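Number of protein chains: 2
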Amino acid sequence: MKCRRCGRKAIEKLKAYGIALCSECYIGFYEELVERSIRRFRVIKRGERVLACISGGKDSSAMLGVLVALSERLGFEVEALHIDLGIKGYSDKSREISKKLCEMLGVEMNLVSLEEFGFTIDGVERRKVCSACGTVKRYLMNRYARLNGFSVIATGHTSEDVITFFFKNWLSGNFSWSEKFLPRTESFDEKIVTRIRPLYDRSEKENMLYVLCRKLPFLAESCPYAPQDEWKEIVYYIEGRKPGFKRNFVLNLAKYLLEREEKRKESYGYCKLCGEVTTSDVCAFCKLVEKYKK
Amino acid sequence: MKCRRCGRKAIEKLKAYGIALCSECYIGFYEELVERSIRRFRVIKRGERVLACISGGKDSSAMLGVLVALSERLGFEVEALHIDLGIKGYSDKSREISKKLCEMLGVEMNLVSLEEFGFTIDGVERRKVCSACGTVKRYLMNRYARLNGFSVIATGHTSEDVITFFFKNWLSGNFSWSEKFLPRTESFDEKIVTRIRPLYDRSEKENMLYVLCRKLPFLAESCPYAPQDEWKEIVYYIEGRKPGFKRNFVLNLAKYLLEREEKRKESYGYCKLCGEVTTSDVCAFCKLVEKYKK
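Here the protein sequences line up with chains A and B, keeping their order. In terms of this note's numbering, the first sequence opens at residue 1 and continues consecutively. In terms of this note's numbering, the second sequence opens at residue 1 and continues consecutively.
No wet-lab data here; the hints were simulated from the structure. Possibly wrong hints are sitting among the right ones.
If several chains are the same, the list does not tell them apart, and a pair holds so long as it fits within one copy or across any two.
Straight-line alpha carbon distances no greater than 25 angstroms define the calculated PhoX-like cross-link-like pairs of lysine-lysine that follow [stated by the list, open to error]:
no. : residue 1 : residue 2
1   : Lys9      : Lys215
2   : Lys128    : Lys242
3   : Lys168    : Lys255
4   : Lys287    : Lys88
What you are looking at is a predicted structure, and each value in this text was computed from that prediction instead of being measured.
Generate the whole structure from the sequences, applying the supplied hints.
What follows is the structure in structure tokens.
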């Protein structure tokens, strides 16, 4: 199997695209795909300061790598943010890998520790860990980005994340989700920083290949609290039978939502404890702090 | 395994509902499910004359059986319509089974032969057969229902049909589909008869069990032109991993579309040859007649 671009030995046949590429050409191919989507969905605007949230996992490592590679040509700045969640035996490794990645890419790494707020994820009841972790990350990254003058927050969500999230929402009858399924979610209040998902239409496998080809450091083990995700397995199965399904699905999802231009209907106000945006009196983060603070 | 309702030997464990039932109790259970959906989505109104389109297959046989069973209590009339498509070695059997079914159920069977219009499905180019067959059936059933004073046309579409149709549409970026995914699609012009899908949230397996339990005749073999449907296999796979997926998916689809209440945007007019509703000058059926008429 030969590389379609240069004729050298290919490392992988990309079924969704019907081509085989070598390691070097794959790097360029992947970066072109991301650049095309950034342009198509106007994910990053010229002159913006991007805060890229990294966990040390393959997806966010790929995101930081590709953002740095594209930053000059597309005219934006990038810094990284790592949130230390205080998960024993995991967060230390996760933080060290993130540091190493930033050093290698020559990117400033900002660090926020949940501990500063009086609790860690290990202190949360087991069955509420994943939901609490989501609240914590959304809260801290938004607050950090706003207080430090970033224009947008970038997360490493993949097409698998978008599709599984879509299915779970759909099957629970929750349709007030449109913004979360878009490559760029514009801020709706001065306290909320715009969110972008530059890997919106990339797959986990594409990200993995990119970090391997570029030899970017990443943490291979997953969070000890991460549940087995049956929906993700279902999505892989469909992709296996219908190569291109994932990319096609999310691109059409974005197209559909952008055509509809549904306006945010929820009313919101500010948390009476911390002043952040919330739909109730006290925001979800402050409720966690009140409950778990030692 | 005992029947949850009467304690006798159960024939089947229904995973999506978490219960096992005997053959007799299953009949009642299935009819209750259909009745509940008919009431919930106002699929049939009191006093309506329903034209149930039957092919002789398990799904439409189940539909006719359950409609007859519910007609008195819900106050509507039912007659059947069979369309003879002229498929050699198939249409004859299909028509005979349909007749037998109608006799058994004491229902009037109306018959339309495509041959009257100068061609048959066997005369269509192989790769256009399924699309032409769809056009023919939609056209003839609408025309027949209108000319004979029926209020609604019922088809035996199942949850699998709805989901596979949804996926194919979604992945081809076609979002102007809303009405076809509803249990009842109201007429938008006096020439168009309202369409209903009473088995919208039933699965093929549920229909099969119903015709077996009631010993209703049905044609087991499928149309010689029917392609292997990979999407249907994917839907079965998901249901296997997530029992209840199919029902849940279509019920939420209906909920979503009814909440949106999207209005028909397309403009339409009347066919200059036959006068039926069309979005171009000549309707799709007349184009087929022109092309294939001997």
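Outcome of the hint check:
Only within a single protomer do Lys9 and Lys215 lie at most 25 angstroms apart by alpha-carbon distance; the minimum there is 18 angstroms, versus 62 angstroms between protomers. Taking the shortest alpha-carbon separations for Lys128 and Lys242, only the inter-copy value of 23 angstroms comes in at or below 25 angstroms, while the best intra-copy value is 35 angstroms. Taking identical chains as interchangeable, the C-alpha atoms of Lys168 and Lys255 lie at most 25 angstroms apart whether they share a chain (20 angstroms) or sit on different chains (15 angstroms). In the homo-oligomer, the alpha carbons of Lys287 and Lys88 lie at most 25 angstroms apart inside one protomer (23 angstroms), although the nearest pairing across protomers, at 70 angstroms, exceeds that limit.
When held up to the earlier numbered hints, the structure conflicts with none and fits them all.
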